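Chemist: The residues making up each chain are set out below.
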Amino acid sequence: MRNRKRTGWRKYVNLITISTLVTVLFIIIPLYWLVATSFKNPNSIGTTPPAMGPTPFSTDNYYNAFVNYDFGIYFKTSVIVTLSTTALVLILGTLAGYALGRLPMRGKFTTMVTLLIISVFPAVAVLAPLYLLMRNLGWLNSYQALILPYTAFNLPFAIWILRNYMLGIPKEMEETGRIDGAGPLRTVWTIILPMALPGLFTAGIFTFTACWTEFLMALTFNSANNYRTIPVGIAEFGGNFQVPYGTIFAASVVAVVPIGILVFIFRRFVISGLTSGAVKG
Amino acid sequence: MTAISSTAEQDRVSTPLVGRPDVNKKRLARMGWAFSAPALLVIVGVTIFPIVYSLIMSLNYVTVTGSGFSLDGFTFSNYNLLIHSSLWRNALFFTLYYTLVTVVVELIIGTCIALVLERLTAGRGWMMALLLIPWSMITVINAELWAYIYNGTYGVADYILGALGFGHPVILGTPTSAVIGLMIADIWKTTPFVAIIVLAGLVMLPGDVFEAAEVDGSSSWQTFWRITLPLLRPTIALAIIFRVLQAFGLFDLPYVMTGGGPGTATQSLAILAYNALFKNLAFGPGAAVATSTALLVLIACLASLRVFRVQVGQEGN
Numbered sequence: 001m002r003n004r005k006r007t008g009w010r011k012y013v014n015l016i017t018i019s020t021l022v023t024v025l026f027i028i029i030p031l032y033w034l035v036a037t038s039f040k041n042p043n044s045i046g047t048t049p050p051a052m053g054p055t056p057f058s059t060d061n062y063y064n065a066f067v068n069y070d071f072g073i074y075f076k077t078s079v080i081v082t083l084s085t086t087a088l089v090l091i092l093g094t095l096a097g098y099a100l101g102r103l104p105m106r107g108k109f110t111t112m113v114t115l116l117i118i119s120v121f122p123a124v125a126v127l128a129p130l131y132l133l134m135r136n137l138g139w140l141n142s143y144q145a146l147i148l149p150y151t152a153f154n155l156p157f158a159i160w161i162l163r164n165y166m167l168g169i170p171k172e173m174e175e176t177g178r179i180d181g182a183g184p185l186r187t188v189w190t191i192i193l194p195m196a197l198p199g200l201f202t203a204g205i206f207t208f209t210a211c212w213t214e215f216l217m218a219l220t221f222n223s224a225n226n227y228r229t230i231p232v233g234i235a236e237f238g239g240n241f242q243v244p245y246g247t248i249f250a251a252s253v254v255a256v257v258p259i260g261i262l263v264f265i266f267r268r269f270v271i272s273g274l275t276s277g278a279v280k281g
Numbered sequence: 001m002t003a004i005s006s007t008a009e010q011d012r013v014s015t016p017l018v019g020r021p022d023v024n025k026k027r028l029a030r031m032g033w034a035f036s037a038p039a040l041l042v043i044v045g046v047t048i049f050p051i052v053y054s055l056i057m058s059l060n061y062v063t064v065t066g067s068g069f070s071l072d073g074f075t076f077s078n079y080n081l082l083i084h085s086s087l088w089r090n091a092l093f094f095t096l097y098y099t100l101v102t103v104v105v106e107l108i109i110g111t112c113i114a115l116v117l118e119r120l121t122a123g124r125g126w127m128m129a130l131l132l133i134p135w136s137m138i139t140v141i142n143a144e145l146w147a148y149i150y151n152g153t154y155g156v157a158d159y160i161l162g163a164l165g166f167g168h169p170v171i172l173g174t175p176t177s178a179v180i181g182l183m184i185a186d187i188w189k190t191t192p193f194v195a196i197i198v199l200a201g202l203v204m205l206p207g208d209v210f211e212a213a214e215v216d217g218s219s220s221w222q223t224f225w226r227i228t229l230p231l232l233r234p235t236i237a238l239a240i241i242f243r244v245l246q247a248f249g250l251f252d253l254p255y256v257m258t259g260g261g262p263g264t265a266t267q268s269l270a271i272l273a274y275n276a277l278f279k280n281l282a283f284g285p286g287a288a289v290a291t292s293t294a295l296l297v298l299i300a301c302l303a304s305l306r307v308f309r310v311q312v313g314q315e316g317n
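Just so you know, the protein sequences line up as chains A and B, in that order. FYI, my numbering numbers position 131 of the first sequence as 131, with every residue one higher than the one before it. FYI, my numbering numbers position 118 of the second sequence as 118, with every residue one higher than the one before it.
Everything labelled a hint here was simulated from the structure, so no lab data went into it. No experiment lies behind these values; they were computed from the predicted model shown. The reader is advised that the hints may include incorrect statements.
[To be verified] A short, non-exhaustive set of chain B residues, derived as facing chain A with CB atoms under 10 Å: (1) Ser36; (2) Val52; (3) Ser85; (4) Ser86; (5) Leu92; (6) Ala129; (7) Asn151; (8) Thr153; (9) Gly165; (10) Phe166; (11) Pro169; (12) Met183; (13) Ala185; (14) Trp225.
[What the hints assert, rightly or not] With a cut-off of at most 20 Å between alpha-carbon atoms, the simulated DMTMM-like pairs for lysine to aspartate or glutamate come out as follows: (15) B/Lys279 / A/Glu236; (16) B/Lys25 / A/Asp70; (17) B/Lys25 / A/Glu236; (18) B/Lys26 / A/Glu175; (19) B/Lys25 / A/Asp60; (20) A/Lys76 / A/Glu236; (21) B/Lys26 / A/Glu236.
We treat Cβ as the ideally placed atom computed from N, Cα and C, and that holds for glycine.
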């Protein structure tokens with residue numbers, strides 16, 4: 001932390017305060033507009049000039065989203081796909097991260113760099129072959145059509161993060177376990193896992209966010225109404241002539257709240273994931 | 001696990017640990033591959049194999065059949081088509097300048113925000129939490145929200161522009177303003193991400209360098225350009241690499257906000273590939289667009305690692 005004494009600090013503090021306020025407004029105003037519109041009466045959304053607040057206050061849009069549209073189904077699909085993927089990524093990622101971090105394997109470095117390159121590849125590069133694969137498996141419009149690719153695309157980052165945490169665990173801890181007679185899987189479970197917990201949180205929240213927000217693969221593989229995820233559902237709410245913004249924003253608020261709460265709770269791990277990242281500066 | 005089986009484990013694992021280190025090492029290596037096999041198989045099967053398959057498709061005549069498609073021999077015509085197609089050149093050009101403008105603007109604003117937050121004495125935690133909201137926002141929702149703000153009849157941006165005397169431009173209906181509109185939505189979502197990365201870098205800078213600069217009578221402007229910025233280079237490199245790679249895959253925002261239009265003004269490489277593959281069923285050319293995009297990403301990735309001289313993954317070995 002730097003500690004500088006400045007003359008005229010009062011002026012400086014004001015500048016800081018103003019800039020902070022501008023930043024806050026820049027982030028908050030569009031969010032306010034999203035929430036305010038979702039609580040407007042569906043008929044008053046298209047008025048000019050636009051009403052600045054939700055008057056008259058109404059929850060009709062929320063009713064519409066769940067009853068007249070199938071937002072409930074989309075929400076359920078997103079929850080199933082996201083939770084399954086996160087669980088899979090954490091299990092497979094922990095095992096791989098442990099092996100690549102702590103066991104004497106040849107070709108570890110090459111594997112890690114390959115993983116790094118894969119983690120930045122655009123999804124569009126694999127779209128066509130995966131679509132055909134899913135079709136041949138009969139998996140189009142199913143939960144596994146998304147769980148499998150999401151797992152594959154989120155594993156590299158999870159392995160990197162978990163491996164970095166595994167590297168920091170002292171060797172003695174592990175040897176104690178082995179001498180006490182624990183098998184390899186048991187060593188990972190009882191000794192390594194508790195110490196790598198921050199890494200699990202980081203990998204978990206990143207995987208969760210990525211699955212919750214992914215659009216391209218969900219749009220391509222699961223176009224049937226019963227298997228649409230939230231982003232696809234929201235994108236397809238629009239009719240040909242009228243875009244039901246009230247319904248869209250009500251659904252959006254419901255979609256954003258769970259991820260917002262999770263990110264808020266785990267913000268320390270999100271920030272550590274963003275900054276320690278896959279690339280080391 | 002029962003007591004009996006864990007004793008059995010002990011015999012198998014811990015005995016060689018004492019007596020034969022070389023055998024033990026081999027055994028541990030085998031165990032390592034066994035542990036990582038499930039993860040690596042999924043990754044190879046769902047990413048590497050399809051990428052290679054995309055490459056093969058892009059180098060073949062592809063005919064769509066009833067049950068899928070067939071590869072009808074090697075050709076370079078798909079790439080030839082791309083090079084001579086104005087659609088591809090437009091998409092490439094749009095993706096490149098969109099990437100350049102958004103990354104530069106986000107970097108400047110993000111660094112400013114980080115510099116401000118670093119001097120904030122109270123409430124920094126709350127500011128960080130606030131910055132994470134746009135980061136975790138579903139891009140499709142971001143797109144719908146800004147499309148509503150820009151709407152030509154009841155959008156609030158349209159209303160404000162009208163009230164300020166700029167008339168009523170059809171924001172998403174004119175190429176230039178549609179691109180600017182997209183960029184603003186992108187900047188809203190991604191600047192906080194850059195700010196967080198730069199802030200983390202700022203906090204970790206060594207304090208004594210700044211004390212020395214102060215003793216030497218360096219002005220704050222000089223300190224920023226001569227000391228803060230050079231020390232931040234690895235952090236800024238990290239932010240740039242992430243953003244550039246992400247921007248190459250640009251799809252959600254223009255797909256939902258403008259559908260790539262008006263005309264093809266906001267058609268990114270990913271949208272072009274998607275349309276070719278799934279709307280026109282042109283699998284060969286579509287695969288060529290997708291593969292060349294992936295190749296560009298790879299080149300950009302290697303080049304930026306080189307330019308910024310970032311060390312990858314050496315710290316643990």
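Chemist: Run every hint past the structure and note whether it holds.
Modeler: Evaluated hints:
Taking 10 Å as the C-beta contact cut-off toward chain A, the hint placing B/Ser36 at the interface holds, the least distance being around 4 Å. At a threshold of 10 Å, the smallest CB-CB gap from B/Val52 to chain A is about 9 Å, leaving the interface hint in force. The interface hint given for B/Ser85 is broken, as the beta carbon of that residue sits about 17 Å from the closest beta carbon of chain A, more than 10 Å. Evaluation of the B/Ser86 hint against chain A yields a violated restraint, the C-beta minimum of about 20 Å exceeding 10 Å.
Because the smallest distance between the Cβ of B/Leu92 and any Cβ of chain A comes to about 14 Å, over 10 Å, the interface hint for this residue is violated. Hint status for B/Ala129: holds, given a least beta-carbon distance of 5 Å to chain A, under 10 Å. At about 8 Å, the closest approach between the beta carbon of B/Asn151 and any beta carbon in chain A falls short of 10 Å, and the interface hint on this residue holds. The interface hint given for B/Thr153 holds, since its Cβ lies 7 Å from the closest Cβ of chain A, which is under the 10 Å cut-off.
Hint status for B/Gly165 relative to chain A: violated, with the closest Cβ pair at about 15 Å, above 10 Å. Taking 10 Å as the C-beta contact cut-off toward chain A, the hint placing B/Phe166 at the interface is violated, the least distance being around 15 Å. Interface hint status for B/Pro169: violated, as the beta-carbon distance to the closest one in chain A is roughly 15 Å, over 10 Å. For the restraint placing B/Met183 at the interface with chain A, the shortest Cβ-Cβ distance is roughly 15 Å, beyond the 10 Å limit, so the hint is violated.
Hint on B/Ala185 holds. Least Cβ distance to chain A is approximately 9 Å, under the 10 Å limit. The restraint placing B/Trp225 at the interface with chain A is violated, with a minimum CB-CB distance near 17 Å, outside the 10 Å limit. As the CA atoms of B/Lys279 and A/Glu236 are separated by approximately 16 Å, the hinted pair is consistent with the 20 Å bound. Only pairs whose Cα atoms come within 20 Å are accepted, and B/Lys25 paired with A/Asp70 is rejected, the gap being roughly 56 Å.
Between the alpha carbons of B/Lys25 and A/Glu236 the distance comes to roughly 55 Å, so the proposed pair goes past 20 Å and is violated. Proximity of B/Lys26 to A/Glu175 is assessed by CA-CA distance (about 17 Å); at most 20 Å being required, the pair is judged to hold. Using a Cα cut-off of 20 Å, the hinted pair B/Lys25 and A/Asp60 is violated, with the two alpha carbons roughly 66 Å apart. For the proposed pair A/Lys76 and A/Glu236, the alpha carbon gap of about 17 Å is at most 20 Å, so the pair holds.
Taking the CA atoms of B/Lys26 and A/Glu236, the gap is near 54 Å; set against the 20 Å cutoff, the hint is violated.
This entry does not satisfy hints 3, 4, 5, 9, 10, 11, 12, 14, 16, 17, 19 and 21, going by the numbered hints stated previously.
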